[in-house]
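Undergrad: Spelled out, the chains give:
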Amino acid sequence: MYLEDIKKEAIKEVNEVKSVSEINALKVKYFGKAGLITEELKNLRNVPNDQKAARGAEINAVKKEIEELVNEVEKTLKTRELEDKLMNEQIDVTLDINPSHIGSLHPLSIEINKISNILVNLGFTQVDGPEVELDKYNFEMLNVPSDHPARDMQDTFYITDNILLRSQTSNTQARAMLNLKPPFKVFSPGRVFRNDLDATHIPAFYQIEGMYVEENVSMADLKNVLLQICKAVFGNDTKIRFRSSYFPFTEPSVEVDISCPYCSAKGCNLCKNTKWIEILGAGMVHPNVLEAGGIDSTKYTGYAFGFGLDRVAMLDQKVNDMRHFVDNNIKFLKQFK
Amino acid sequence: MAYKKRTQVKVLDLKLKGKIKMKVLYSWLNDFVDLSDVSPIEVADALTKVGMEVEEIIDMAKGLDKVIVAKILKIEKHPNADKLVVCQVDIGGGKTVQIVTGAKNMKEGDTVPLALNGANLPNGQTILSGEIRGEKSEGMFCGGDEIGVTEDMYKGAGEYGLLILKNGEKIGLPIAEALGLNDVIFDVNVLPNRPDANSTMVIALEIAAALNKKFKAPNLSYKAVKGESPISVEVKNFNECLRYMGCYVKNVKNTESPAWLKRRLTLVGHTPYSLFVDITNYVLHEVGQPMHVFDSDRIYGGKIVVRNADNEMLKTLDGKDRLIKNELCICDKNKPLVIAGIMGGVESGTYTTTQNVFLESAVFDYATIRRNSRKIGLTSDSSLRNSKGVYFDSAEVGLKRALSLISELGVGEIVDDIKDVYKIKPQNKTIEVSVERINKILALNVSGEQCEKILNNLQFKTTLKGNKLITTAPSFRTDVERDCDIIEEIGRSVGFDNVKVEDTSYNKTNFKGGLTAEQVNINKIKNMLVNLGTNEIISYQFSGPEIIENARMSSAKNIKLLNPLGQEYSLLREKLLPNDLNILSKNYKLGNKSLSLFEIARTFETLSLPLKELPNEKTHLCIMQVGGEYSYFSLKHLLDLVGEAFRVNFDYRRTTLNKTFHTGRAAEVCLYNRPIGVIGELHPIVLENIEVGERVYALEIDLTELLKRNIVYKQSGNISKLQTLNRDLALVVNKNVEAAKIINCIKACDKVYIEDAIIFDIYEGEQVESGKKSVAVKFYIKQTDKNLTDTEINEIMNKVIGNCNKFLGAELR
Numbered sequence: 647m648y649l650e651d652i653k654k655e656a657i658k659e660v661n662e663v664k665s666v667s668e669i670n671a672l673k674v675k676y677f678g679k680a681g682l683i684t685e686e687l688k689n690l691r692n693v694p695n696d697q698k699a700a701r702g703a704e705i706n707a708v709k710k711e712i713e714e715l716v717n718e719v720e721k722t723l724k725t726r727e728l729e730d731k732l733m734n735e736q737i738d739v740t741l742d743i744n745p746s747h748i749g750s751l752h753p754l755s756i757e758i759n760k761i762s763n764i765l766v767n768l769g770f771t772q773v774d775g776p777e778v779e780l781d782k783y784n785f786e787m788l789n790v791p792s793d794h795p796a797r798d799m800q801d802t803f804y805i806t807d808n809i810l811l812r813s814q815t816s817n818t819q820a821r822a823m824l825n826l827k828p829p830f831k832v833f834s835p836g837r838v839f840r841n842d843l844d845a846t847h848i849p850a851f852y853q854i855e856g857m858y859v860e861e862n863v864s865m866a867d868l869k870n871v872l873l874q875i876c877k878a879v880f881g882n883d884t885k886i887r888f889r890s891s892y893f894p895f896t897e898p899s900v901e902v903d904i905s906c907p908y909c910s911a912k913g914c915n916l917c918k919n920t921k922w923i924e925i926l927g928a929g930m931v932h933p934n935v936l937e938a939g940g941i942d943s944t945k946y947t948g949y950a951f952g953f954g955l956d957r958v959a960m961l962d963q964k965v966n967d968m969r970h971f972v973d974n975n976i977k978f979l980k981q982f983k
Numbered sequence: 061m062a063y064k065k066r067t068q069v070k071v072l073d074l075k076l077k078g079k080i081k082m083k084v085l086y087s088w089l090n091d092f093v094d095l096s097d098v099s100p101i102e103v104a105d106a107l108t109k110v111g112m113e114v115e116e117i118i119d120m121a122k123g124l125d126k127v128i129v130a131k132i133l134k135i136e137k138h139p140n141a142d143k144l145v146v147c148q149v150d151i152g153g154g155k156t157v158q159i160v161t162g163a164k165n166m167k168e169g170d171t172v173p174l175a176l177n178g179a180n181l182p183n184g185q186t187i188l189s190g191e192i193r194g195e196k197s198e199g200m201f202c203g204g205d206e207i208g209v210t211e212d213m214y215k216g217a218g219e220y221g222l223l224i225l226k227n228g229e230k231i232g233l234p235i236a237e238a239l240g241l242n243d244v245i246f247d248v249n250v251l252p253n254r255p256d257a258n259s260t261m262v263i264a265l266e267i268a269a270a271l272n273k274k275f276k277a278p279n280l281s282y283k284a285v286k287g288e289s290p291i292s293v294e295v296k297n298f299n300e301c302l303r304y305m306g307c308y309v310k311n312v313k314n315t316e317s318p319a320w321l322k323r324r325l326t327l328v329g330h331t332p333y334s335l336f337v338d339i340t341n342y343v344l345h346e347v348g349q350p351m352h353v354f355d356s357d358r359i360y361g362g363k364i365v366v367r368n369a370d371n372e373m374l375k376t377l378d379g380k381d382r383l384i385k386n387e388l389c390i391c392d393k394n395k396p397l398v399i400a401g402i403m404g405g406v407e408s409g410t411y412t413t414t415q416n417v418f419l420e421s422a423v424f425d426y427a428t429i430r431r432n433s434r435k436i437g438l439t440s441d442s443s444l445r446n447s448k449g450v451y452f453d454s455a456e457v458g459l460k461r462a463l464s465l466i467s468e469l470g471v472g473e474i475v476d477d478i479k480d481v482y483k484i485k486p487q488n489k490t491i492e493v494s495v496e497r498i499n500k501i502l503a504l505n506v507s508g509e510q511c512e513k514i515l516n517n518l519q520f521k522t523t524l525k526g527n528k529l530i531t532t533a534p535s536f537r538t539d540v541e542r543d544c545d546i547i548e549e550i551g552r553s554v555g556f557d558n559v560k561v562e563d564t565s566y567n568k569t570n571f572k573g574g575l576t577a578e579q580v581n582i583n584k585i586k587n588m589l590v591n592l593g594t595n596e597i598i599s600y601q602f603s604g605p606e607i608i609e610n611a612r613m614s615s616a617k618n619i620k621l622l623n624p625l626g627q628e629y630s631l632l633r634e635k636l637l638p639n640d641l642n643i644l645s646k647n648y649k650l651g652n653k654s655l656s657l658f659e660i661a662r663t664f665e666t667l668s669l670p671l672k673e674l675p676n677e678k679t680h681l682c683i684m685q686v687g688g689e690y691s692y693f694s695l696k697h698l699l700d701l702v703g704e705a706f707r708v709n710f711d712y713r714r715t716t717l718n719k720t721f722h723t724g725r726a727a728e729v730c731l732y733n734r735p736i737g738v739i740g741e742l743h744p745i746v747l748e749n750i751e752v753g754e755r756v757y758a759l760e761i762d763l764t765e766l767l768k769r770n771i772v773y774k775q776s777g778n779i780s781k782l783q784t785l786n787r788d789l790a791l792v793v794n795k796n797v798e799a800a801k802i803i804n805c806i807k808a809c810d811k812v813y814i815e816d817a818i819i820f821d822i823y824e825g826e827q828v829e830s831g832k833k834s835v836a837v838k839f840y841i842k843q844t845d846k847n848l849t850d851t852e853i854n855e856i857m858n859k860v861i862g863n864c865n866k867f868l869g870a871e872l873r
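Just so you know, the sequences run in chain order Y and F. Mapping to the working numbering: the first sequence position 45 is 691, numbers consecutive. Mapping to the working numbering: the second sequence position 716 is 776, numbers consecutive.
All the pointers check out, no bait thrown in.
DSS-like, lysine-lysine: derived pairs with alpha carbons at most 27 Å apart: (1) Y:K945 with F:K525; (2) F:K500 with Y:K877; (3) Y:K918 with F:K81; (4) Y:K760 with Y:K980; (5) Y:K782 with F:K672; (6) F:K584 with Y:K980; (7) Y:K977 with F:K646; (8) Y:K877 with F:K568.
I should point out that these hints are in silico values taken from the structure, not numbers from a laboratory.
Between the sequences and the hints, there should be enough to build the whole structure, so can you do that?
TA: So this is what it looks like as structure tokens:
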């Protein structure tokens, strides 16, 4: 066979090949021990010396051409065969066979974390105190005299005459004052207890209190910090309003309202069309309280504020019933992933 | 139409969570301050601003603007209906209209309220002209209930049918004007530090000061006759009765009260009774002094003795016979007549037949009254008022105001022998405060003169000396004790809205805030568990014996509350699990059968009951799992991961003694060789108790040690470039050899090179001798600075095999 015919046949055969095994067979046919090209090369020894170089080059050129073609086709076939194999391994990519899900933090934890972070950014340091507390820290040191209505058996849970379930997180402030020297800026989230159970009251709820004592602390400082907190929780457009009020541990005392976050202060059911929602109590720390904590009230002044966390969470997370927080219905909890 | 039977509308809900809600009448306020040029809304705003929040404004005339007084001229049968009549009605101004009605209780010539076309009645009904069965009708006659008038406000208003007007009301006049309904009720939320503001008078004073108007003091003058009171007064307990005033009034006419008085009382929520009782209620509401009126002829021995009872009986006005142990009572020579400050007795009360009375106006220690009221379980308008604190001078103001009304109404002869018994008269405190300090704390800029004026308007006797205010609070302001109270007066008067955020002083310490280390760790655990698919729950700190016993735990050591909300809330939890199982059970019963829940919260432990000192509060972690995808091992895995995050290993020591858990599937969780909790599958009896029909896995551990750990993130050594090698072994051991033992045994062989060991298969069955199991272990050999030689690796391997054989009886398979 002439070299030219070998080449033609080879190109034809390679182009007709359908599988990697066929191409392997062709490789043997042309380049194997007794392959056509191999034979041609072997036959070189019979070629006259003066023509050897030219003939050799000729054969090698054909060999190279066929090899390249074979490689190219082989590569294409291999790729196609791999793809075919992968196609056969097809899975249902929409199928879900693992039943596990991520869990959820309790909405109250979410709100505590949110407000705690805001306070930390505003320079407040967390302090902690016991939930079962001595009368001294829950009331006495906080200027709540022994027969104050707030101490009434109706409101506070008692264990003994002197030991009670804290009715406010302010107990941590009382303790903090004894341990810290002014200036200090502390906050305390925690659960508090009141003897109350109806549609709008649960006997254990969360509060977050903040307290700042330094020289020259004023109502403007208080308003400033509360505005920043309320904006961070309810949005940058939030406005706050101070109304005169009474708490035994602060004087002056104020109730703080925020502009209704539901209706953007247009009036709605939630704010009873008043455009304002009562959100927290605050005031300048009563000098009696500072003095009970061993702080010179002529030198230092301070502010204190306290959020009812459950109520804030209700507003912030649009929860329609406070009792959801204690019912722990998994369908409710899973909404807070 | 007015066919329905009238229902009594209770206007006043006196007690609201320790705050007294005070109803004040716009017209009544006008007795003390001229409000003719101020709208009710402006009044409410002014009060709210100064700290007396007006929660509701009730306009009594609302809905009555098209209701007038009309006279029925003629009544004829309706041509097309048996039960209706057609009336010709004079509506004043010479106009007559035709009204069709089904009412029966009127006759020609009667005057009645008539709602005209377009009236929007208080009950929501809209009245339109139209035809009723072919006869034109231009409005509707009204009954008392349809226009908000009760029997106490107008005699006959409670009767079935139309309200027949009998007091010569002018035809054509708006009904609100004719019946005195042109009035507004303010529902004021009085703060506990202002007991004095439980009076129309003090609220009027606050309005006057807020609006810069003149305050008119109440009329305290009266005419008296010379004489001697047949009743003397002795106070035996001055600690509980601070002042007792009394006055004898003879030849009284204890009739029905006049309409104006009844109207005022009714609108603010008192039920009129008889004149003298009504007067005491009127005084209570007007000046805030609780009073009592005795039939003086029933005070045995002519003597009032204020003393503590000694197990004596008294039939109180609510009709109950009560045994009074040692509470303060107002007694005659023999027996208690009244539980002091709380409720009177039936016997010495006043009736229409009463001829002579003795008026009591006293000041009791508020704590005593609160305590007694609670002990006896009895509250009244008086006890509520008395337990908030009545000031010393109030007794006199109240008594004189009552006498003035008696005098004005001419219903008795006041004998000018007023009894007044007390031991100590409190002195008003004088307080000094600098204007500078006021402005510094309030961040305001109020002048000394302005402060002086504000205080004087509030009846503080005030002078300004240089930069200093010297002020004496009025005797009713018992809340004012020191400089900060004066600062508050200025603040609330100027208005806290005037405090500007920009006035913050910036030259203060720059604080770097932070969470407690414990909180950081708690958050870390919570976030991990959430990411691992568990849902956080929050249960109550309270628990109950039944819930605890459901978990087969004892409730004997739980701390008890003195005043729980109920059995279910009567104890403090010592463990989280019982309450949490309750939550799991509730969810399960609602059909949520795949649950992975956790709680991190405090528990309360004490060594001795009753409690002498504060209990140990320990933060616990409880995790519970139920559902097909969970097992003991899925639960343990969660805990192991928590341990890993805190770089500790928990040991699990089999326990068969915990009654809450499955006898064969429970372990004590140990940290640093000390038990910190328990993990396992719940005991079938517990599952039965909580009514869950599947296996539940639960753990509870004390987090105290873990939370103390300070996890520092830092590199602890060079990272080796060499591969970690691993080798597998199949060991045959006795069935009861625990996995942890095998792992620990292998790890202990070479602490330098053996990095970790895991069990990847356990086989029991035909291929293995009975009573044995085949355990496939993979262990990892760490290469630090050089590649280990085969000899070195074989050495380690042989040691592992040798030790496993020696300590565990393991044979290679």
